[in-house]
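Produce the entire structure from the sequences given, and follow the hints as far as they go.
When we follow this note's numbering, the leftmost residue of the sequence shown carries the number 35, and every step to the right adds one.
I should point out that these hints are in silico values taken from the structure, not numbers from a laboratory.
The calculated label-pair distances, taken between Cβ atoms and stated as ranges, are:
1. Pro173 - Asp108: 29 to 35 Å
2. Pro187 - Gly109: 38 to 44 Å
3. Glu97 - Pro173: 32 to 38 Å
Don't be surprised by glycine CBs; every beta carbon is placed ideally from N, CA and C.
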Amino acid sequence: MGPEIAASATPSPVTASWAPSVRAAGLADLPAVCRLINQAYVVERDFVDGERTSLTEVARLAEDGVFLVLDGTDGALAAAVHVHTAGSRGRLSMLAVAPHLQGHGLGQRLVAVVEALCAAHGCRVVALDVVNLREELGPWYRRLGYREVGTAPFDHRPTRRPCHFVQMEKPLA
35 MGPEIAASAT PSPVTASWAP SVRAAGLADL PAVCRLINQA YVVERDFVDG ERTSLTEVAR
95 LAEDGVFLVL DGTDGALAAA VHVHTAGSRG RLSMLAVAPH LQGHGLGQRL VAVVEALCAA
155 HGCRVVALDV VNLREELGPW YRRLGYREVG TAPFDHRPTR RPCHFVQMEK PLA
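Put into structure tokens, the structure is as follows:
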């Protein structure tokens, strides 16, 4: 995943006056969603081969849930996340923030919207998976109230190094 981890020392492209609205991605947005995810996940190329996702996968996920997006001031997408609800469980995946906007709260904002959406659909928990080799992600999600609940194999893409998913959940009020 590509959430912001630390604020950069450069001037923020996100200002207090910039308050992008979260919206559901439409079919026309899916190529831009795919590009954004692949840009945000480029850090995973140290241990996996190829792009993080494809337009085919993004389109399939859009049919089985919704991508929420934030529009950037430059006309490109600033951030995106996939959310799926089923019964009492919600799931977030593919959280991605444009690399030049990471560290400014956009990922945290999208996670909060996912949690509110899941709660509105009657979910009691939100689940997600992070790759164990992305050591910065566990602490970031723990600060948002998620906790580790298990592991799962990382078997959907070829890897250069052994890795697995760490499954995390957050109970909703």
